[in-house]
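2 protein chains.
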Amino acid sequence: MNTEIEKNVRVELGDRAYDILIGPGLIARAGREIAARLKGKRMAVITDEHVAPFYLAPLTESLAAEGIQTFPLVLPAGEKTKSFEHFMTVCDHVLAAKIERNDAVIALGGGVIGDLTGFAAGVVRRGTRFIQIPTSLLAQVDSSVGGKTGINSRHGKNLIGVFHQPDLVLADSDVLDTLSKREFRAGYAEVAKYGLIDKPDFFEWLEGNWQSVFAGGEARINAIAVSCQAKADVVAKDERENGLRALLNLGHTFGHALEAATQYDSARLVHGEGVSIGMVLAHQFSARMNLASPDLARRVEAHLKAVGLPVSMDQIPGELPPAEQLLEAITQDKKVKGGKLTFILTRGLGESFVADDVPASEVLSFLKEKLGS
Amino acid sequence: MNTEIEKNVRVELGDRAYDILIGPGLIARAGREIAARLKGKRMAVITDEHVAPFYLAPLTESLAAEGIQTFPLVLPAGEKTKSFEHFMTVCDHVLAAKIERNDAVIALGGGVIGDLTGFAAGVVRRGTRFIQIPTSLLAQVDSSVGGKTGINSRHGKNLIGVFHQPDLVLADSDVLDTLSKREFRAGYAEVAKYGLIDKPDFFEWLEGNWQSVFAGGEARINAIAVSCQAKADVVAKDERENGLRALLNLGHTFGHALEAATQYDSARLVHGEGVSIGMVLAHQFSARMNLASPDLARRVEAHLKAVGLPVSMDQIPGELPPAEQLLEAITQDKKVKGGKLTFILTRGLGESFVADDVPASEVLSFLKEKLGS
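Going line by line, the protein sequences match chains A and B. Residues in the first sequence are numbered consecutively from 31, following the numbering used here. Residues in the second sequence are numbered consecutively from 31, following the numbering used here.
In short, the hints are calculated from the structure, not lab data. Wrong hints could be hidden among the right ones.
Stated by the list, open to error - 20 Å max Cα-Cα, derived EDC-like pairs, lysine to aspartate or glutamate:
#1 LYS110/B - GLU36/A
#2 LYS370/A - GLU349/A
#3 LYS267/A - ASP45/B
#4 LYS110/B - ASP122/B
#5 LYS128/A - ASP387/B
#6 LYS128/B - GLU354/A
#7 LYS229/A - GLU115/A
#8 LYS69/B - ASP387/A
#9 LYS69/A - ASP387/B
#10 LYS110/B - GLU79/B
#11 LYS69/B - GLU115/B
#12 LYS370/A - GLU130/B
As the structure is a computational prediction, the values presented were derived from the model and not from experiment.
Full structure from sequences and hints, please.
Below, the structure is given as structure tokens:
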């Protein structure tokens, strides 16, 4: 265990400030880190059937060594688990475990487990302490930080949830070694996003060093820490997404629509892949609106393609619905105000901004063009 | 319409401060009051089958007159509606109605509709604007003020929910004329509670004027306004129940246990009746612990009895479970910290305080004595 390269990112939210620890061996050390911060002796651990075989026993042993009793619940893996039904199951499990106010609910898994568990922790007894142990790159750099929780509805993704900040995030960089290449890449899309929002230097660094980030070690921990810090800075300034925080949705409006269009079928498209295509579309749309150069869109596309991410809608296996239906999915997305469309667009590399008056007709013609319809 | 006797109580919560308007004719005037505060033109109205026939049409007409389109949902009446299933239905209805950020969700009904609807409004798009139009005395003086929302679980009452403050509360005093005597009395238990917490003068005033409060007119509006102000003051100081706000639970720990013991069967016991019995028990238990005089317990009992409220467990129709089971329900109640029992006890008339180290054994012997077992 090399703790020299461990990083600590602090999310500054007043009396709800918390640490994100990033580095190797953190699951094995979880008990100590948790016991140093929380007094409770009962913890519900929510995980999924893919993660449990690898990390549930090491985690519960580490907690047991500190005298903390665990109550595990293993759910099916996959986006479909972010449902009302599983939300009910988790709430019931936490209540049955008699988790009290100094105890906590632990999410051990990727974004799905984190979002679902955080929502349950946010509503059981109107708010229970909550710890994130993200096991995917996507969850480590994005969903585990910032307190957004939720489930999907038949009307769209993440439409039901609460803001509920964790008390601690443990991002164990070792666990990423067991991720599939595809899953790691999907998380990398969010890493690249922070560069494209407002860190042109970071994006350039990624263009030159992405292979080291994929390989592991210090470059990877650095990329995760820069990403967490970028998100923590935005969240500290705009916890409830009244303005600035919307920038984090770069690539997500198109991305969510594509996820909905593929019925959240991970065989066809996972979230990070949707974001990758969405970021390219956002840059292309910015060029079309004469906000940024087409060269920038090509540069972004080239980098995401180099790491092996999909960059256009025709790379999605199977049929896509017509442009009208994608637009319908976009208007049902959260980022709609008074009927006008809100998109994150850009004026240059790392110069993203919130455009809240995008004409639906422009989006429709753009999508038609891109779909070749 | 006599607006001279209308009262306005302001809940001081910074940028989430809001008005509670109390007086006659407010449902007919709802459109104007809402349009003066919110820009949105789409409102979901959640109500129940008892309330809808009387007030849904006047409300939607009043909103239509201001160009506001309504999307009504009529649910079954009764405590069982505070379930996961109906929560899902309400969330889905609000999403289907495409309620956006300047629009609102309106709860038109008693505490059940208010708690359920507020919870849904608190989680749809991670928080949607919310208006309370309480139609019972209980909801007007208690549940519609302060932002506590939630549903019941098989583990207990109100165990799942969020804090979500309304943007406006319209307490139309005319609607109380159509309440049954039993329902009005149940709400009156909460009115008396504010006196017993820390307003001895108000309790004395009620002892002398309760008949006018029951009759309607200015005394009733005054009693509602004093109650709302009392609650608003506590909520402004302790929105999330970290301390002071717990005082509002006077009578509720015993009361909730009795509600659970009667399976929330309103034929046997409604919430306010549980609170009435619970307040008498809390005063009797305070006397038993040598904190207050037995005379005070008798005085409280005499007043609640005079207005027609039940004051002892043997007035509840049907069998009650043994004392051990009631204690079990109390320990599963929200107000438990580190295994110790928290009760609101009193040192005198209007001198309630939070006792967080009550020995379970004392509660058990007290309950055994009271049940005559």
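Taking the hints in turn, this is what the structure says about them:
1. Proposed proximity of LYS110/B and GLU36/A is contradicted: the alpha carbons are some 51 Å apart, above 20 Å.
2. For the hint pairing LYS370/A with GLU349/A, the CA-to-CA distance comes to about 28 Å; that exceeds 20 Å, so the pair is violated.
3. At roughly 16 Å between alpha-carbon atoms, LYS267/A and ASP45/B fall within 20 Å of each other, so this suggested pair holds.
4. Note on LYS110/B and ASP122/B: the hinted pairing holds, with a Cα-Cα distance of about 19 Å set against a maximum of 20 Å.
5. Pair hint LYS128/A plus ASP387/B holds up; C-alpha atoms about 19 Å apart against a cutoff of 20 Å.
6. Straight-line distance between C-alpha atoms of LYS128/B and GLU354/A comes to about 18 Å, which keeps the hinted pair within the 20 Å bound.
7. Between LYS229/A and GLU115/A, the direct Cα distance comes to roughly 40 Å. Violation of the 20 Å bound is thereby established for this hinted pair.
8. Distance check on the hinted pair: LYS69/B and ASP387/A sit about 18 Å apart at the alpha-carbon level, within 20 Å; holds.
9. Between LYS69/A and ASP387/B the alpha-carbon distance is near 18 Å, which keeps this suggested pair within the 20 Å criterion.
10. Simply put, LYS110/B and GLU79/B have alpha-carbon atoms about 13 Å apart, close enough for the 20 Å limit, and the pair holds.
11. Taken as a hint, the LYS69/B and GLU115/B pair is broken in the structure, with Cα atoms around 31 Å apart against an allowance of 20 Å.
12. Taking the CA atoms of LYS370/A and GLU130/B, the gap is about 11 Å. The hint holds against a cut of 20 Å.
The structure fails to meet hints 1, 2, 7 and 11 from the earlier list, while all remaining hints are met.
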